[in-house]
Amino acid sequence: MAQISQTQASYYGASSGHGAYQFTSLRDIINAFLVIYVGEDKLISKISKTDVRFHAQRALQELSFDTLKSVKSLELEVPATLQMSLPQDYVNYVKITRTDSSGIERVLYPAINTSNPTAPLQTGAIGDEGFIDAGSDGTIDLQSESDTWTSFKGQTSSNVDEDAYNFDTDLFDLFLGQRYGINPANAQINGTFYIDELNGKIHFGSSIAGKTVTVKYISDSLGTDAESRVHKFAEEAMYKHIAYAVLANRANMPEYVVQRLRKEKKAATRQAKLRLSNIKLEEISQILRGKSKQIKH
Amino acid sequence: MAVDVNKVYQRVLAIANKEQRGYITPQEFNILANQSQLDIFDQYFYDLGQFLRVHGNNTTFADAVEILKEKISTFEKYNATIGSGVTLPTDLYRLNCVRLNGVEAELISLKDFYRIQNSYLLSPRDEYPIYIRTEGTIKVYGHTSSTNHALSQKTSNVACDYIKKPSLVNWTYNVVLNNAIYNASASDVQHFEVHESEESNLVYTILKLAGMAIKDPSVYQYGAGEEIKDIQQEKQ
Chain Y
1 MAQISQTQAS
11 YYGASSGHGA
21 YQFTSLRDII
31 NAFLVIYVGE
41 DKLISKISKT
51 DVRFHAQRAL
61 QELSFDTLKS
71 VKSLELEVPA
81 TLQMSLPQDY
91 VNYVKITRTD
101 SSGIERVLYP
111 AINTSNPTAP
121 LQTGAIGDEG
131 FIDAGSDGTI
141 DLQSESDTWT
151 SFKGQTSSNV
161 DEDAYNFDTD
171 LFDLFLGQRY
181 GINPANAQIN
191 GTFYIDELNG
201 KIHFGSSIAG
211 KTVTVKYISD
221 SLGTDAESRV
231 HKFAEEAMYK
241 HIAYAVLANR
251 ANMPEYVVQR
261 LRKEKKAATR
271 QAKLRLSNIK
281 LEEISQILRG
291 KSKQIKH
Chain L
1 MAVDVNKVYQ
11 RVLAIANKEQ
21 RGYITPQEFN
31 ILANQSQLDI
41 FDQYFYDLGQ
51 FLRVHGNNTT
61 FADAVEILKE
71 KISTFEKYNA
81 TIGSGVTLPT
91 DLYRLNCVRL
101 NGVEAELISL
111 KDFYRIQNSY
121 LLSPRDEYPI
131 YIRTEGTIKV
141 YGHTSSTNHA
151 LSQKTSNVAC
161 DYIKKPSLVN
171 WTYNVVLNNA
181 IYNASASDVQ
191 HFEVHESEES
201 NLVYTILKLA
211 GMAIKDPSVY
221 QYGAGEEIKD
231 IQQEKQ
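Chains Y and L are the protein sequences, given in the same order. With the working numbering, letter number 96 in the first sequence gets 96, and the count goes up by one each step, no holes. With the working numbering, letter number 153 in the second sequence gets 153, and the count goes up by one each step, no holes.
Derived by calculation from the structure, the hints in this document are not laboratory data. Note that the structure is a prediction, hence the values are computed from the model and not measured. Just so you know, even glycine gets a beta-carbon here, dropped at the ideal spot from N, CA and C. Treat the hints with care, as some may be off.
[What the hints assert, rightly or not] Keeping only pairs whose Cα atoms sit at most 20 angstroms apart, straight-line, the calculated EDC-like set for lysine to aspartate or glutamate is:
1) K111(L) <-> D51(Y)
2) K69(L) <-> E40(Y)
3) K139(L) <-> E193(L)
4) K46(Y) <-> E28(L)
5) K164(L) <-> E193(L)
6) K165(L) <-> D63(L)
7) K280(Y) <-> E264(Y)
8) K42(Y) <-> E227(L)
9) K46(Y) <-> E104(L)
10) K273(Y) <-> E227(Y)
11) K46(Y) <-> E106(L)
12) K7(L) <-> E227(L)
13) K42(Y) <-> D63(L)
14) K7(L) <-> E28(L)
15) K201(Y) <-> E255(Y)
16) K273(Y) <-> E62(Y)
17) K111(L) <-> E135(L)
18) K69(L) <-> D41(Y)
19) K46(Y) <-> D47(L)
20) K7(L) <-> E193(L)
21) K46(Y) <-> D112(L)
[Stated by the list, open to error] Covered stretches of chain L, as calculated for chain Y (at least 3 residues, CB under 8 angstroms):
22) 80-86
23) 125-137
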């Protein structure tokens, strides 16, 4: 039952495709499911391939969100407009970082106290608000950026020296006792961002203009055929997800069967997550050896 | 694996002619033979459905489902090209599987066809093709290209597996002194295509039909009785 059909020479000689053995394609999973789980004398006697395909893709999406190692990243230089488009296959971000001169990634924080609301231009004659419809197409014209965001991004940090470990000025003496209670999320010079979901843009604060930022985000693994694959650690979880989804939606299916599959699905998913967590005894031991150190940053 | 047409004809004649009940002409036989073969053949599919609902056994030669599958396999055709991607084979009886570039396509109802196109998870791809059946033809769909996932009808590299109709049985003969003499070497001779085990069934079914043709109830009753006995034995 050997699975490898490629010679060692052609594998190592190839310019791409290395490490593919750890994955199983979605197509293989769908075909195997149809052969093994569907048929006479089986729990699923008959099902359309389209149904299985749908549930398989949904399963892959769900596993991608919190089980599979599916974090993608995109590094780019923040342009003068201080905004960038969300990645093509973006579903949600994990973190957005700025890379400093040492190559250390400094986490940017979301600007939760501001936003970029829709802002119509207001110097015309439409309504009491004075909206403008320059194109006479019935749609009022909007500002390219709201005043709120323009003001926010125009703020400059009081300290942009990221290497000043012991930053202090005499100015702080006047605020003695007043800096208690500061929000730690704002007590940093890494910078801020705001995601405009409606327009698919990430806006950055002015302190990181021209800096290199990295967006780490998750996708649903369905963007391209090449990424529609599952790690072998999660293969069983895929089958269980599909089987449960199929039978849970079937009429007259005994509830104890549905519940049994639900438990199997949960167990398989948990096992997959545990395996994919990549916990290595040697690495944990190494980390624990540092437990006696007094000060850790 | 075919049943000799002459053997069946001679048996039918032998039983029907007993006590000068009547003679079945070759033309009549050919008509009745085809009718009988189609009856038996068509019954396979209903029997298979029935037997699939009951527990089978682990043998190949005594399991009703396996026996029926073997009988049907005589008529199965594999990987037949579908002309222009739409024209089904002329001898098609039942369509089994349609493939695009070797990938199995799924039959979609017309109702679902329009819904599926607008679903980002279900829209057909070349890796997951679909097909619909309309007006005796099929239409196979995949996607336009790797960068354009719009629906696209495929007209090449479409193949199918199907079950063909049984060929028309023909007992060929020459007339010698006003007698029809079997001509086994005629180019248009056509034996029964059903499984060899159906030889007796063919005789009984033809006799049943012949009994009606020659207006002899005893022939009909004999054929029908034997046929029922056979069915009971098979389906007990």
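Find the hints from earlier in the document that the structure breaks and name them by number, from lowest to highest. Violated hints (numbers, rising): 3, 4, 6, 7, 8, 15, 22; every other hint is consistent with the structure.
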